[in-house]
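Visitor: Spelled out from the first residue to the last, the chains are:
Protein chains: 2
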Amino acid sequence: MSFDANMGDFTPQEIAAVYRLMAMRRDMRHFLPDPLDDALICRLLGAAHMAPSVGLMQPWRFIRVRDPELRASIHALVEAERIKTARALAEREDEFMRLKVEGILDCGELLVAALADGRESHVFGRRTMPEMDLASVACAIQNLWLAARAENVGMGWVSLFDPEALRRLIRMPEGSRPVAVLCLGYVPAFYPKPMLEEAKWAHRLDLKSMLHTDYWSDGGDLPEVESR
Amino acid sequence: MSFDANMGDFTPQEIAAVYRLMAMRRDMRHFLPDPLDDALICRLLGAAHMAPSVGLMQPWRFIRVRDPELRASIHALVEAERIKTARALAEREDEFMRLKVEGILDCGELLVAALADGRESHVFGRRTMPEMDLASVACAIQNLWLAARAENVGMGWVSLFDPEALRRLIRMPEGSRPVAVLCLGYVPAFYPKPMLEEAKWAHRLDLKSMLHTDYWSDGGDLPEVESR
Numbered sequence: 006m007s008f009d010a011n012m013g014d015f016t017p018q019e020i021a022a023v024y025r026l027m028a029m030r031r032d033m034r035h036f037l038p039d040p041l042d043d044a045l046i047c048r049l050l051g052a053a054h055m056a057p058s059v060g061l062m063q064p065w066r067f068i069r070v071r072d073p074e075l076r077a078s079i080h081a082l083v084e085a086e087r088i089k090t091a092r093a094l095a096e097r098e099d100e101f102m103r104l105k106v107e108g109i110l111d112c113g114e115l116l117v118a119a120l121a122d123g124r125e126s127h128v129f130g131r132r133t134m135p136e137m138d139l140a141s142v143a144c145a146i147q148n149l150w151l152a153a154r155a156e157n158v159g160m161g162w163v164s165l166f167d168p169e170a171l172r173r174l175i176r177m178p179e180g181s182r183p184v185a186v187l188c189l190g191y192v193p194a195f196y197p198k199p200m201l202e203e204a205k206w207a208h209r210l211d212l213k214s215m216l217h218t219d220y221w222s223d224g225g226d227l228p229e230v231e232s233r
Numbered sequence: 006m007s008f009d010a011n012m013g014d015f016t017p018q019e020i021a022a023v024y025r026l027m028a029m030r031r032d033m034r035h036f037l038p039d040p041l042d043d044a045l046i047c048r049l050l051g052a053a054h055m056a057p058s059v060g061l062m063q064p065w066r067f068i069r070v071r072d073p074e075l076r077a078s079i080h081a082l083v084e085a086e087r088i089k090t091a092r093a094l095a096e097r098e099d100e101f102m103r104l105k106v107e108g109i110l111d112c113g114e115l116l117v118a119a120l121a122d123g124r125e126s127h128v129f130g131r132r133t134m135p136e137m138d139l140a141s142v143a144c145a146i147q148n149l150w151l152a153a154r155a156e157n158v159g160m161g162w163v164s165l166f167d168p169e170a171l172r173r174l175i176r177m178p179e180g181s182r183p184v185a186v187l188c189l190g191y192v193p194a195f196y197p198k199p200m201l202e203e204a205k206w207a208h209r210l211d212l213k214s215m216l217h218t219d220y221w222s223d224g225g226d227l228p229e230v231e232s233r
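Chains as they are written, first to last, in my numbering: chain A, 6 to 233; chain B, 6 to 233.
A hint or two may mislead.
Which copy? The list can't say, so a pair holds if one copy fits it or any two copies do.
Stated by the list, open to error - Below, simulated SDA-like cross-link-like pairs (lysine to any residue); rule was C-alpha separation at most 20 Å, straight line:
#1 K89 - R103
#2 K105 - P193
#3 K213 - M55
#4 K213 - L45
#5 K105 - T133
#6 K205 - S126
#7 K89 - E136
#8 K205 - T133
#9 K205 - T218
#10 K105 - L174
#11 K213 - S181
#12 K213 - C47
#13 K213 - D122
#14 K213 - P178
#15 K198 - L104
#16 K105 - L41
#17 K213 - R69
#18 K105 - L94
If you are wondering where the hints come from, they were derived from the structure by calculation, not from laboratory data.
Construct all of the structure, not just a fragment, from the sequences and the given hints.
Guide: Here is the structure:
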């Protein structure tokens, strides 16, 4: 990878580190039990809070799960949905059941990320695209994920749950909605490739096949896209 | 900001650069017309493609808008929605109309980011949370945004449009859905603060007010959260 002469706020080494960080970030399911210290958690949540949001609405909320019983209840909710998902996958049921899809009981720190209630008052950028609030929360989670990886901390985003059941479990107000159970913690090792790629559940698509020029039906005309 | 002794893959300087990058990223509306070179665009799209996705479904698609007439048509769609949004904002209509909310005609490069069609076959992590496909696209866009800022390129995410009208304009297949018009390009300067904060449209919320411990109603118990 080569860079143009840098005229900006980041050095070539820093720019390279950003791409390397994105390439090394993984959706983790295997954790060490060591806790994360409060200052580190503050930095990670601070990274999330620096995310962009539609109309600057900042719709993200985070619940830090400290109570072991609550953690066990969240795990039970996820386990119930794991079984239902497996059944819905029909011929891939057995293959799915062999995957480790979460590390809720093992990770050092458990967070729930959610959409706040009262979002209907935010119209800017959402009149025709109300789901932009979720997009903002996802950007916050991606910031958290990247900051965690930079600090050598793994994260896994679990979405195998009934959102209404999780909302009630955490006593979230009506109109709010959980979007992620986030397992955070130190890890034995970061997977060299996405776990679902290693397990041959899915394969990486060629970026070129995902690009179009002007109209969807036209192929992209980008020069050679580097694979990372 | 202090860091623990680093035992990982990133140096303290690189970790600090990641946080600085997140703090300096802005939703830009003012651009210089200079084009971006193809190699740079490839790097930015490559960053997007390194994003996490639910069940590794990689639902993101990108349309690069090269035709000036198509760009003008997209601008017209956004302008129509800007007027409708202003009216929906009622007492804030005039204030909204004074904001510059997009740089579609000015920026060096225009992309449309979209959700692919055929997503209903992806059940993993989506049986109860179908919107996780959008979350994945948002993570890809956040990667692109951060990579762009690192490379001294500004980006603005515009969601002021009728998604069905934009879908038809770009000849996207049924079942696909545009999620962002992305203005990319060099900028006269990056805003020191979010433009909507500078314009006093909205203010930054205190992170502490967005954190809960165990249950939503309980306050967070984090130590002093650094403001960045």
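Visitor: Does each hint fit the structure? Answer for all of them.
Guide: Comparing the hints with the structure gives:
Taking the closest pair of Cα atoms, K89 and R103 come within 20 Å of each other only inside a single copy of the chain (14 Å); across copies the shortest separation is 51 Å, beyond that limit. Taking the shortest Cα distances, K105 and P193 sit within 20 Å of each other inside one copy (15 Å), while across copies they are farther apart (48 Å). In this homomeric assembly, K213 and M55 come within 20 Å of each other (Cα to Cα) only across copies, at 13 Å, whereas the closest approach inside a single copy is 31 Å. In the homo-oligomer, the alpha carbons of K213 and L45 lie at most 20 Å apart only across protomers (15 Å), although the nearest pairing inside one protomer, at 38 Å, exceeds that limit.
In this assembly of identical chains, K105 and T133 lie within 20 Å of each other by CA distance solely across copies; the values are 19 Å between and 38 Å within a copy. For the homomeric pair K205 and S126, the shortest alpha-carbon distance between copies (17 Å) is at most 20 Å, but the shortest distance inside one copy (44 Å) is not. For the identical chains of this complex, K89 and E136 are inter-copy neighbours only, at 18 Å across copies versus 26 Å inside a copy, given an alpha-carbon limit of 20 Å. For a Cα distance limit of 20 Å, the shortest separation of K205 from T133 qualifies neither inside one copy, at 38 Å, nor across copies, at 24 Å.
Within a single copy, K205 and T218 get their C-alpha atoms no closer than 31 Å, and across copies no closer than 38 Å, so neither meets the 20 Å cut-off. Within a single copy, K105 and L174 get their C-alpha atoms no closer than 24 Å, and across copies no closer than 42 Å, so neither meets the 20 Å cut-off. Taking CA atoms no more than 20 Å apart as the test, K213 paired with S181 passes between copies only; the shortest distance there is 18 Å, against 38 Å inside one copy. In the homo-oligomer, the alpha carbons of K213 and C47 lie at most 20 Å apart only across protomers (10 Å), although the nearest pairing inside one protomer, at 38 Å, exceeds that limit.
Taking identical chains as interchangeable, the C-alpha atoms of K213 and D122 lie at most 20 Å apart only when they sit on different chains, with a minimum of 17 Å there against 39 Å within one chain. Proximity of K213 to P178 under the C-alpha cut-off of 20 Å is restricted to the inter-copy arrangement: shortest distance 18 Å between copies versus 43 Å within a copy. In the homo-oligomer, the alpha carbons of K198 and L104 lie at most 20 Å apart inside one protomer (15 Å), although the nearest pairing across protomers, at 44 Å, exceeds that limit. Taking the shortest Cα distances, K105 and L41 never come within 20 Å of each other, neither inside one copy (22 Å) nor across copies (42 Å).
With identical chains, the CA atoms of K213 and R69 are at most 20 Å apart between copies only, with a shortest distance of 12 Å across copies and 40 Å within one. Taking the shortest Cα distances, K105 and L94 sit within 20 Å of each other inside one copy (16 Å), while across copies they are farther apart (47 Å).
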